[in-house]
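> Listed below, chain by chain, are the residues.
Number of protein chains: 2
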Amino acid sequence: MGFNEVRKDYLLDRWVVIATERGRRPTDFANKEREKAKTGVCLMCPGNEHMTPPAVLVYLKHGNGIRKTEDKDDTRHKNWAVRVIPNLFPAFAPPKNKTSQRKTAKCSEMIPAVGHHEVLVESPNHDEHPADARLSQLEYVVDAYVDRLRELSARPYVKYVSIFRNHGLEAGASLSHAHSQIIATPSIPKTVEDELEASKRFWKQNKKCVFCEIIKKERGGPRLILENSKFVVFAPYASVNPMEFWIIPKKHEATLLDLSKSDVKALAETLKACLGGLKKLVNDPPYNYGFHLAIDKDASDYYHWHLEVYPKLAIWAGFEKSTGMYINTVTPEAAAEHLRKTISS
Amino acid sequence: MGFNEVRKDYLLDRWVVIATERGRRPTDFANKEREKAKTGVCLMCPGNEHMTPPAVLVYLKHGNGIRKTEDKDDTRHKNWAVRVIPNLFPAFAPPKNKTSQRKTAKCSEMIPAVGHHEVLVESPNHDEHPADARLSQLEYVVDAYVDRLRELSARPYVKYVSIFRNHGLEAGASLSHAHSQIIATPSIPKTVEDELEASKRFWKQNKKCVFCEIIKKERGGPRLILENSKFVVFAPYASVNPMEFWIIPKKHEATLLDLSKSDVKALAETLKACLGGLKKLVNDPPYNYGFHLAIDKDASDYYHWHLEVYPKLAIWAGFEKSTGMYINTVTPEAAAEHLRKTISS
Chain A
43 MGFNEVRKDY LLDRWVVIAT ERGRRPTDFA NKEREKAKTG VCLMCPGNEH
93 MTPPAVLVYL KHGNGIRKTE DKDDTRHKNW AVRVIPNLFP AFAPPKNKTS
143 QRKTAKCSEM IPAVGHHEVL VESPNHDEHP ADARLSQLEY VVDAYVDRLR
193 ELSARPYVKY VSIFRNHGLE AGASLSHAHS QIIATPSIPK TVEDELEASK
243 RFWKQNKKCV FCEIIKKERG GPRLILENSK FVVFAPYASV NPMEFWIIPK
293 KHEATLLDLS KSDVKALAET LKACLGGLKK LVNDPPYNYG FHLAIDKDAS
343 DYYHWHLEVY PKLAIWAGFE KSTGMYINTV TPEAAAEHLR KTISS
Chain B
43 MGFNEVRKDY LLDRWVVIAT ERGRRPTDFA NKEREKAKTG VCLMCPGNEH
93 MTPPAVLVYL KHGNGIRKTE DKDDTRHKNW AVRVIPNLFP AFAPPKNKTS
143 QRKTAKCSEM IPAVGHHEVL VESPNHDEHP ADARLSQLEY VVDAYVDRLR
193 ELSARPYVKY VSIFRNHGLE AGASLSHAHS QIIATPSIPK TVEDELEASK
243 RFWKQNKKCV FCEIIKKERG GPRLILENSK FVVFAPYASV NPMEFWIIPK
293 KHEATLLDLS KSDVKALAET LKACLGGLKK LVNDPPYNYG FHLAIDKDAS
343 DYYHWHLEVY PKLAIWAGFE KSTGMYINTV TPEAAAEHLR KTISS
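Chain order of the listed sequences is A and B.
Counting from 43, one number per residue, gives the positions in the first sequence under the working numbering.
Counting from 43, one number per residue, gives the positions in the second sequence under the working numbering.
Keep in mind the hints are simulated off the structure, nothing from the lab.
Any given hint could turn out to be false.
Which copy is meant is left open, because identical chains are indistinguishable; a pair holds if it fits in one copy or across any two.
Listed below are the simulated DSS-like cross-link pairs for lysine-lysine, each with C-alpha atoms no more than 25 Å apart in a straight line [as the list claims (entries may be wrong)]:
1) K232 / K242
2) K201 / K50
3) K249 / K292
4) K50 / K138
5) K232 / K50
6) K242 / K339
7) K258 / K314
8) K246 / K201
Isolated chain A, as found in the complex (with noise of 0.2 Å):
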């Protein structure tokens, strides 16, 4: 037996051990029984809609599909397939006046929580999370993060839209009702901001998109996941987390404004049959995941979307917490060899 491994991420300076000596086998983490979120009635569950803010953006069953409105008093429909609402605990808060909306300079110690914080709910059926969700329906959540985005983004006061869900009460979400968060921000945060800063002197060196060559490195090899006509996916050389994946896209865009409907419909399937694999191999983990991209349209030529999703199988502690290094105690190689049988049996 070797040395563990110190590996450094495609393009963060950041570095993870891994940790296999101390490791366990991805199955061993199925059997923890995991906390539940306090059941009541539910905000989200349909005929519960006056109990919250006025939905943003609703998504009403019409036909065979749905029609779209930003009806401020929506709380007279009932039959939504998806709704869109404020955050009644936002972190962030769109401006009140135009002069607010000027003071959002970064300064150096302190900018003011300018933005949008919404809770969007996926189904009106409480329990449909995308590991269970009926395809049409996750495309209706595709279509909803794609539509916030466009609005959000195109405010002169947001920096940044960062689209994300937590599943299960280990992993944040105080509600269980199936829903994902937005978050728009008055400036660029880190983790981003490093990403966009590595791709673009990249793209300066090699004239290659950085994530366009992951892709292809990625592909052929032990980590890869999954593979379909859109979408490649994969466990990241520097998996922070046990059994973390990536979905990226085979095309190039910084964005998700310009998905196709076929695009749409790809993307919904790649997330159930990651999701569904995840929960059926490790006993439905409680997880994160959370879309990169690019605002700015300077982005376009070097940066290129993905979804990075985050299963909470182990607690950062003092180490992690102190020093910005990580352990991580399952090789991404194992975890795309159990993802992957699981997906494709």
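Chain A is fixed; fit chain B onto it per the hints.
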């Protein structure tokens, strides 16, 4: 009510939304029932020394004091006060020969995980955690931190020594016996490197230590928690965690190696007071702490060691993990006020 604030760390490019509108009072965290670590045979309790690898350092009780030994056959001794043992599942392992000692240069994407990973058993008494420990015992713990730091940092393949403590299952302490951990790494971890660079830059520009300036600023302000002859304790301006606090020595020193006997005593007293206050205020919450220090002698002008304590009262979810931006629901000013009152009462 104005906007929430997005605040920047003193040194790091790390931004935190202080989201008071979703805020809870610090004491709201107090009622949660905490999951306990499994009970059973404790590997760290006296009488079970044979179940662990041989110690690398033992403090034996000796009259009214202690006697230090590196006796390889330490399992004969039952009268120890502190025992440092190699971790059974080390993330980093010592090199086996001269060749691998040289192989530790940081390459582009991987380095072998050469180093050390040790467990410091803080007391023969299972539950003697710092909040409730005898002061004399806590002084031994600090002494042992210094002894191991001196020993490990002298090795040529060691570039950093992380001394940290996980308290409670939710903070990653899978064993409940009072213990700390020490990890020696073959590269300087990201967070420490960023702090070193930023403080060096500040020193070049101002010929002053940035941490000495932070102490000056925080001593008289609303985030001060405790001050005694040797230490200042405060909630940092851009606290990432609810109830986070830092303990920093008034004397400018880059590392722990020159602590005097009275410094050690004062640190033990300060630790006990602050962790005792936290325990009382928030019902013995899980927490992590980690020392930040410089190994390199060149840093002695510009770096200033300190201890960062992170209570685990919130979950980093999809937003934090995919953006590197944080949301903290307790203002550092409120955290400081509550901790100050609890400690002084």
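> Look at each hint and say if it fits the structure.
Hint check:
Proximity of K232 and K242 under a CA criterion of 25 Å is satisfied in both settings, with 15 Å inside one chain copy and 21 Å between copies. In this assembly of identical chains, K201 and K50 lie within 25 Å of each other by CA distance solely across copies; the values are 17 Å between and 28 Å within a copy. In this homomeric assembly, K249 and K292 come within 25 Å of each other (Cα to Cα) only inside a single copy, at 18 Å, whereas the closest approach across copies is 51 Å. In the homo-oligomer, the alpha carbons of K50 and K138 lie at most 25 Å apart only across protomers (24 Å), although the nearest pairing inside one protomer, at 43 Å, exceeds that limit.
Taking identical chains as interchangeable, the C-alpha atoms of K232 and K50 lie at most 25 Å apart whether they share a chain (17 Å) or sit on different chains (11 Å). Proximity of K242 to K339 under the C-alpha cut-off of 25 Å is restricted to the intra-copy arrangement: shortest distance 13 Å within a copy versus 36 Å between copies. For the homomeric pair K258 and K314, the shortest alpha-carbon distance inside one copy (24 Å) is at most 25 Å, but the shortest distance between copies (54 Å) is not. With identical chains, the CA atoms of K246 and K201 are at most 25 Å apart within one copy only, with a shortest distance of 23 Å there and 33 Å across copies.
The earlier numbered hints are all upheld by this structure, with none contradicted.
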